[in-house]
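Colleague: Residue numbers (the numbering used here), protein chains in the order written: chain A, 339 to 686; chain B, 1106 to 1481; chain C, 2 to 556.
None of these hints come from the bench; they were simulated from the model.
A couple of the hints might just be wrong.
To be verified - Short derived list, chain C residues pointing at chain A, Cβ under 10 Å:
id, residue
1, Leu68
2, Pro72
3, Leu73
4, Ser77
5, Ala79
6, Pro97
7, Gly113
8, Lys159
Yeah, the Cβ is synthetic: ideal placement off N, Cα and C, and Gly gets one too.
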Amino acid sequence: MTTVEDSVRTMTAPAGSPRPSALERVLRAREISIVLAIALLVLVTAVGHPSFVKSQSIRDILLGTAIMVVLAVGQTIVVVTRNIDLSVGSVLGLAAFAAGTLLMDHPGTPIIIAVLVGMAVGAGCGLVNGLLVRFGDVPALVVTLGTLYVYRGVAYLWAGGQQINADELPDGFLSFGTSTILGVPYLALIAVAVLVAAGIVLRSYPAGRQLYALGSSPDGARLAGIPIGRRTLAAFLASGTLAGLAGVLFAARFGTVDAAAGTGYELNVVAAVVVGGVAIFGGSGTVWGAALGALLLTTIGSALPVLGVDQFWQQAIVGALILLAIGIDRLIAARVAAALKKRGSHVR
Amino acid sequence: MSADGNRPAGTRLAGANPAGIAAGAALPPGGDARPRGAAGRGARLGRLASWDLGVVVLAVLTIVVASGTVENFSTSRNFTFLVLDLLPIALIALPMTFVIVTGEIDLSVASTLGLSSATMGYLWNQGLTIETIIPLCVVLGAVLGAVNGLFVTVFRLPSLAVTIGTMALFRGLALVVLGDTAVADFPARYTDWVTGTIGGSAVPNVLIPLAVLAALFGVVLHATPVGRWSFAAGASEHAARFAGIRVGRLKFWLYVVTGAVAGLAGVLWTLRYSSARADNGAGLELAVVAAVLLGGVSIFGGRGTLPGVVGGVVLLAALQNALRLSDVSNESLNVVTGALLVVSVLVPNLIRRTRSAFARTRHRPAPLSPPPLPGS
Amino acid sequence: MSAEHAPLLAVRDVSKSFGAVAAVRDVSFPLYAGEAHALVGENGAGKSTIVKMLAGVHRPDTGAIELDGVPLDLRSPADARAAGIAVIYQEPTLFPDLSVAENIAMANPPRGRLRTIDRGRQLRDAEALFRRLGVMIDPARPARGLSIADQQVVEIAKALSADARVLVMDEPTAALSAVEVERLFTVARSLRDRGAAILFISHRFDEITSLCQRVTVMRDGRHVSTDPLAGLTVDDLVRRMVGRDLSTLYPERTTTPGDVVLEVDGLRRDGFFRDVSFQVRAGEIVALAGLVGSGRSEVAQAIFGVDPRDAGTVRVHGRPLRAGSPRAAMAAGLALVPEDRRLQGLVMDASISRNVTLPRSGTLARLGLLFGGSERRAAAEWTARLQTKYGRLADAVSTLSGGNQQKVVLAKWLSTLPRVLMVDEPTRGIDIGTKAEVHRLMSGLAEDGVAVLMVSSELPEVLGLADRVLVMREGRLVAELDRAQATEESVMFAAVGQTRAASAQSAASSGSDDSPAGSARTADKDRNASADRSAGTNAGTDRKTGAGAGVEVAL
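Same shape as in the complex, but just chain A (with noise of 0.2 Å):
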């Protein structure tokens, strides 16, 4: 057996530092990526159909893109804790149902009053999950793919097959549901104003960055004294009153609403989370990324009609979406992986 000298190696192999804005520069280009999509999307169809980009249109997009960053900013919140709100549908249905009902048998009632009372459906809801997730050990995906059903069919209980139509709703609330300032929906304001509060709570206080550090090392937080319970039922609670926020949002702008209000949006909202680079298993990941995913698939949404797609492909879109963006993610991860380390990955 041979000696092997190599001291120059020995000298320098020691794990070098790497760049260290690596992870955040691909973060940041995942969000550049999506607003390049969706220009490109935008012109390739206002190219071809000029009406994509009249004021109608804009605004159809901007509306059911308001209903879904409400509800991705909530599922950001639990995405980024290692967990997964599927309820969310359900929870809109049943609060636009609530919302509905109230003004409709009190048609007096003030907007406000009527967006609270769907906003505490929605907490309730959460506050169910989270209770389940954090006494009961159950983890997030059975809790919410459970009372996906559960509130859903609540939902039908209460409801009874009844369906509540825009002529039954004050006037006011429906033109609160489609009025503009300015040329921008009222209901945009509200989803740029969640937007920009939960952006601003997840990135700059303490309680925001221990829902990342909660999703980034579970084990480390229970151990660095982050209040783990009270935070996990906090993040469902605030996805919970989001979607009943957004359930109110969904009452507003159709006008009619029924038990199956919201249905499988818990698939299009996972799919904008993930598309926006909220990582699956928790601790990266902002609401802005989450909040162009959505804008994303709702624009897709759009233009697939236009372009003359067939608006079946619209489901199998958003579920190809979803494996591209969690494919991605891996891939990127491995590069990061590999660029940290230097010592290459575990990959068989």
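Go by the hints and put chains B and C onto chain A.
Modeller: Frame of chain A; chains B and C shown alone:
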């Protein structure tokens, strides 16, 4: 060669031991362990089986109570319906048990069923014979399962995220294939067989293949190397790989089988209702996962039994059937299914927690008496 | 430095039981400001339980922890931190997705306008801390990808930022290289010299003598002694830890190596090791030595096929072995007892009999079926041969002690009747008695003609058992020493890449290693001074050579 490594090692140890440090502490080899092992096996079986057994008892209880209280529940006609209703859930729950035991999940099964059904309708419209279509749909299911398996095992993506994605993708493709139309004119020979019973009795024809498959999956899970590997892979993937188990390959094929069975379930669903639709079986993944977890399979993998899962399926189906007969709407039934899903994970957790809390309080008064275990 | 004033922190008569097991019983010891205090004992002596009580993870059943004479009620890790107790675990507990600066400031971030986190100050604070510690870590980078050593440093910075007065270090050096340990100690010493009390847990006596002034010995959950370290020999400590005199006798072996069984040629795995070539003959025990991280385990895993290989061939009995297939390796007669028993060796929740028969479930099946009987018989036979102590074969393997768990892993692989047995850290974390049994077992297997490849960090084990020693450094094989050539010095020199001439300075200290007592008595000041003089890797050599003596009694 093999005897070389084998026998002398044992004799060597026995020979060397008297000089060893731990000689005094060592048990006489084997002798002491065996009788205790036999006694303990019963106790352990009892402990292990308690949840599964409870589910089976609960299922029987539900049937008994429903027979007494729900009108028309105990009719032979209703029995046929009950079996037909639980057929798709039971079918898919069999491979799903394996998937969950290995620590993964497949939420796309209902969409696979839907795509299989839609494809069946499409191909039937294209004029293919039913004899060609059925195997094609099963193969299609296997391919869809392979897509899941590919993402999970080759690209190593979390199965939850992957199958949420394919759940949307496959259902979307089903819509693309068939739109919102329905295909209904399937040959009566086949639809009649699926809904029919054996020689005019109450036992549906489909119960036979279902029972055969259940027995097959049960034997594979509990009495073959594949079953052992599945449990090991779910309990500790690392240890399984170090033991020479090809975990990736195992999981890939489990997804393929799950897809194939879901494809078959799509065929049976279509024939039973004589209607191929893109939204067939929507939401069925919930019932399947609920039944499997209800049957005592751990969502974290590594634990569960197939008889327990069968009990879970029967309990779920009997409950739904009884409630439906009591004029509870389909949508409201989802409340029950969803709640059962949560409860089936919640209750064992709570039991475990109270049990360990009880153990703590019971032992606390005498902390000094027992000798400490080595290495604990 | 010896402080006879009131202790900063006192552990008073604490007891803690888990179920029926009393982990700690009536333990008391003081921690003084400006002093590093070693806590030693065998595995299972209760050290970790003490740490967890100080960390606020467990609450003592009886007794109390007093800070400045005032009893503390630590209900959570947050309470402990608020009381000024910082704990550094063997496995760092950083948040990989967050930046280093954020990790440091997580508990109490600097606030700016509207109580938001002042990110600029957060970064500057972290930079200032790292300057104080004399290390270069970019505070803006994510914690993901930091080496374990750097993560430990970040943990220390965390403790510093919290103005921790008590720093508890639970085996922080287990995964560190010599240079990294020295770096960590430099930081710890500066903290200690600023008046912090340090509780240091380690199995390596040279580290203890290098850092600590006082030592508490625990055995079976009880307090044995607390004394100034000066004046104690390693023998004294070991006797107290074990409660009996230590005889580390390695079995006498007369080997007549047979044919070459395992041939490794030009093996390479990018990023881990390269150009690894060696042979193992029937009846031979070959040790693969080297520092942690030098690529030893990776070589064994690549041979076995659990890890891929990028180049090179492996032959067993002259026949080439397929890469990346443990199955092919097993069919060729290879077995690997892996490094991490709990993660790689065992399915902890599964029964003893399932664990023992897992690699053989295919061959045990009759007509493809397995009904438990054959598994139970095989498991009973092999656990009996290895004199495994257990209640029932159906018990989960997690209920066994570490030593018996290791026997289950050995039984599992011996039952495959291997012709080549690779054993990675065969005696890590098991008690002395079982250790000796394992040594005898390996020696016996070799005499029966099995080719044994042993990866070990314990030099006495390497020297006592191996016929040949292969030394790895930085992913390469750098030396092959036969039994006559292999000494603590020659192996360590090869492992750290120093020639004898270059480290003349450490000769003095390694000379004292011949009598462990001398090493233990080495005054702390001298130790510091010598570390200061010999900068960089040289200091590492010094320390690691000492480790040779230390590991003999590492438990």
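Colleague: Evaluate each hint against the coordinates.
Modeller: Results of checking the hints against the structure:
The criterion of a C-beta within 10 Å of any C-beta in chain A is not met by leucine 68(C), whose closest approach is roughly 17 Å, and the hint is violated. The beta carbon of proline 72(C) comes no nearer than 20 Å to any beta carbon in chain A, farther than 10 Å, and the hint placing it at the interface is violated. For the restraint placing leucine 73(C) at the interface with chain A, the shortest Cβ-Cβ distance is roughly 14 Å, beyond the 10 Å limit, so the hint is violated. At a threshold of 10 Å, the smallest CB-CB gap from serine 77(C) to chain A is about 6 Å, leaving the interface hint in force.
Against a cut-off of 10 Å between C-beta atoms, the interface hint on alanine 79(C) holds, since the closest Cβ of chain A lies about 3 Å away. The interface hint given for proline 97(C) is met, as the beta carbon of that residue sits about 6 Å from the closest beta carbon of chain A, less than 10 Å. Interface restraint check for glycine 113(C): the shortest CB-CB distance to chain A comes to about 9 Å, inside 10 Å, so the restraint holds. About 9 Å separates the beta-carbon of lysine 159(C) from the nearest beta-carbon of chain A, less than 10 Å, and the hint is met.
The structure fails to meet hints 1, 2 and 3 from the earlier list, while all remaining hints are met.
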